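Assemble the whole structure, with the sequences as input and the hints as a guide.
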Amino acid sequence: MAGEFAIEMKDVLKQFVTPEGGILPAVDHVDMQIQDGEFFSLLGPSGCGKTTSLRMIAGFELPTSGSILIRGKEMSQVPAHLRPVNTVFQQYALFPHMTVEQNIGFGLEMKGVGKAERAKRVAEALEMVRLPGMALRRTKQLSGGQQQRIALARALVNKPEVLLLDEPLGALDLKLRKEMQLELKTLQREVGITFIYVTHDQEEALTMSDRIAVMNKGRALQVGLPEEIYERPADKFVADFIGETNFLDGSVLGQSGSTVEIDLPGCGLARVESSRTFTRGQPVTITVRPERLHLNEPFENGNNLKGRVEEVIYIGTDTQYGVRFSERHKVRVREQNATQAQKEIARRGDEVIVSFTSASPRLLTE
Amino acid sequence: MLNFFRGNKKRQLFGLISPGALWILLFFNLPLLIMLFISFAERGRTGGIASPVVYTLENYKQFFNACVSQYAGPQCDPFLYLGIFGSSVRIAFVVTFFCILAGYPLAYFMARQKPLWRDTLMLLVIIPFWTNFLVRTYALKTVMSGEGLINTILMNLGLISAPLEMMFNEFGVIVGLVYGYLPFAVLPMYTSVEKFDHSLMEAAADLGAPPSRAFWRVMLPMTMPGVIAALVLVFVPVVGAFITPDIMGGGKVEMIGTLINRQFGVARNWPFGSAMSLILMVLVLLGVIYYFRSSSEETRRAM
Ligand SMILES: Nc1ncnc2c1ncn2[C@@H]1O[C@H](COP(=O)(O)OP(=O)(O)OP(=O)(O)O)[C@@H](O)[C@H]1O
Ligand SMILES: [Mg+2]
Chain A
1 MAGEFAIEMK DVLKQFVTPE GGILPAVDHV DMQIQDGEFF SLLGPSGCGK
51 TTSLRMIAGF ELPTSGSILI RGKEMSQVPA HLRPVNTVFQ QYALFPHMTV
101 EQNIGFGLEM KGVGKAERAK RVAEALEMVR LPGMALRRTK QLSGGQQQRI
151 ALARALVNKP EVLLLDEPLG ALDLKLRKEM QLELKTLQRE VGITFIYVTH
201 DQEEALTMSD RIAVMNKGRA LQVGLPEEIY ERPADKFVAD FIGETNFLDG
251 SVLGQSGSTV EIDLPGCGLA RVESSRTFTR GQPVTITVRP ERLHLNEPFE
301 NGNNLKGRVE EVIYIGTDTQ YGVRFSERHK VRVREQNATQ AQKEIARRGD
351 EVIVSFTSAS PRLLTE
Chain B
1 MLNFFRGNKK RQLFGLISPG ALWILLFFNL PLLIMLFISF AERGRTGGIA
51 SPVVYTLENY KQFFNACVSQ YAGPQCDPFL YLGIFGSSVR IAFVVTFFCI
101 LAGYPLAYFM ARQKPLWRDT LMLLVIIPFW TNFLVRTYAL KTVMSGEGLI
151 NTILMNLGLI SAPLEMMFNE FGVIVGLVYG YLPFAVLPMY TSVEKFDHSL
201 MEAAADLGAP PSRAFWRVML PMTMPGVIAA LVLVFVPVVG AFITPDIMGG
251 GKVEMIGTLI NRQFGVARNW PFGSAMSLIL MVLVLLGVIY YFRSSSEETR
301 RAM
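Protein chains in written order, with the numbering used here: chain A, 1 to 366; chain B, 1 to 303.
The set of hints was computed from the structure by calculation and includes no laboratory data.
Treat the numbers as computed from the prediction; the structure is a model and nothing was measured.
Where is the CB? At the ideal position from N, CA and C, for every residue including glycine.
Some hints here could point you the wrong way.
[To be verified] Far from chain B by the CB rule (all over 10 Å, computed), these chain A residues:
hint: 1; residue: S76
hint: 2; residue: G114
hint: 3; residue: L172
hint: 4; residue: G257
hint: 5; residue: F278
hint: 6; residue: P283
hint: 7; residue: R289
hint: 8; residue: T339
hint: 9; residue: L363
[Unchecked claim] So, partial list: chain A residues that the calculated Cβ filter (under 7 Å) puts toward chain B:
hint: 10; residue: A80
hint: 11; residue: T87
hint: 12; residue: H97
Written as structure tokens, this is what we have:
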């Protein structure tokens, strides 16, 4: 059906009363539409309201105001056990007094699925998470990674409309985490179930998601494709949170068509492409990724700013240069170490030229 | 001296255990042995035991087949004492059931409070421990007796015309015992419920379990060790209780405890009292052992 989303949050507000007696908007008037079959991530720093959003969708928390629609049906006041969604909890929350089989079969049992059918589907689910033969184990007898998979199987076996995952890989070590990221992504494609994935790891969100919502202080700042969020961050917070970036403060001198001329006090002029219209004198911030800046390769039609190298950091695949233009302006430049020679582009204290095309940066206004 | 223990695990263990073992020996096992000895003796004329000591099995026989000498010869009733024992067990089960039924929600309620409130409630549960049991039971009597608080209020409100008989019957004894032993049920269940990870209830709800099923399938099984501890802690002392049945039953409700108490008091039959105490102890012990044998591996390990 057109216009029907897997999940739709409409102007959702959730206020908590803090122990000090104040009122905290943990989720602050959020609007979000999540499409069917999408791998959708909620990304943001600790305390930004990701878990609270997820818990409201699952039904563990009721919104103060606003509505939550699951498959077009208003569900914000429906108790958790009646919602067609399942959750993979951060600490897994497996039932320790039950075997793996009983854990995975719990949801089916509640739905009244018969014993034989249940056993069959549990076995399939174990197969799916690549843990066959574990059915009779106790959950305490499993490693963290295995418990994670059981939690996943326990949720997916119910074939929910939407699967909610709250930092499901948070407790795993880095290597296992990377493996599971790929596995989860593959699994999601295979089963075709909508995933809402909570993480505070921007790299994880970028690599796994179809779309990402970046949250801060209870607000959804930007919702978009990973490349949109990376290339065209909506504001300073998003730009800073997703990957590394540089900020250069200045003010608008003039605009001709899509080219905006910006005065960066103390280090000259910069030209930046933008589809928006600016007024003369308007304060703006240029944001540009370190890998879009180049050292000592002046562009004929680009921006070339003079500065002095303050630090050189060798990071293996890349070398990062800290270059200062003026009292207020400093950038980090990333150069790939494709050949040995590139290691020695500049040393500390050298005068260098930092270049970037007019299409590389984004202009942010307050 | 220290060299004796050095490098020898067995000797170290012995050294560590012996003070505690000595304590138990002196204050628990020795009195029991004395009782065992008395139970095989004949009663003395004014209490105590007859000397010179005559060893006999008569006291034990008496319990399983009570005989009273009558004019027409001995009159025997094998179920006199066994019947009282049976009704004590029945009363103890009823009391334990209500203690758990009332204690579990209370323990749950306490465990879900904020720390400050929780400690206050805990204190309120513990305070009765500091008050004399006798005083508490008499206090309850003033509430439940014929001219007691409840009856006075109900009469004044015109809800009843004659006082309810809430005392000097089994009902009164059961209420008194539930009141007296409730804290013993609340404390172990509180410990279990407090340890229970509440996110498991959310997980159950998430998987489609309505609250009642989540309770039966997840919360109750996981807090079972506390319930079992409560069961044992209430059942065992209540089977042998004598103060409450005495006061609340007013001599009309006989329990094994009141019977034993009487042997050491007015009946002046220490040997029979000792024999009954030991029989009670052995039967309760067998019951508890049987219970643990038949309960699941899981709960046994949790205890
Ligand atoms: N039950 C509650 N009572 C009061 N405040 C709460 C409650 N739950 C969450 N909060 C507050 O709401 C805010 C958002 O919390 P939330 O758990 O949603 O953050 P999060 O984005 O999931 O963070 P993290 O990445 O650390 O898990 C936090 O400031 C938190 O302290
Ligand atoms: Mg969280």
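- Which earlier hints can't be squared with this structure? Failing hints: none at all.
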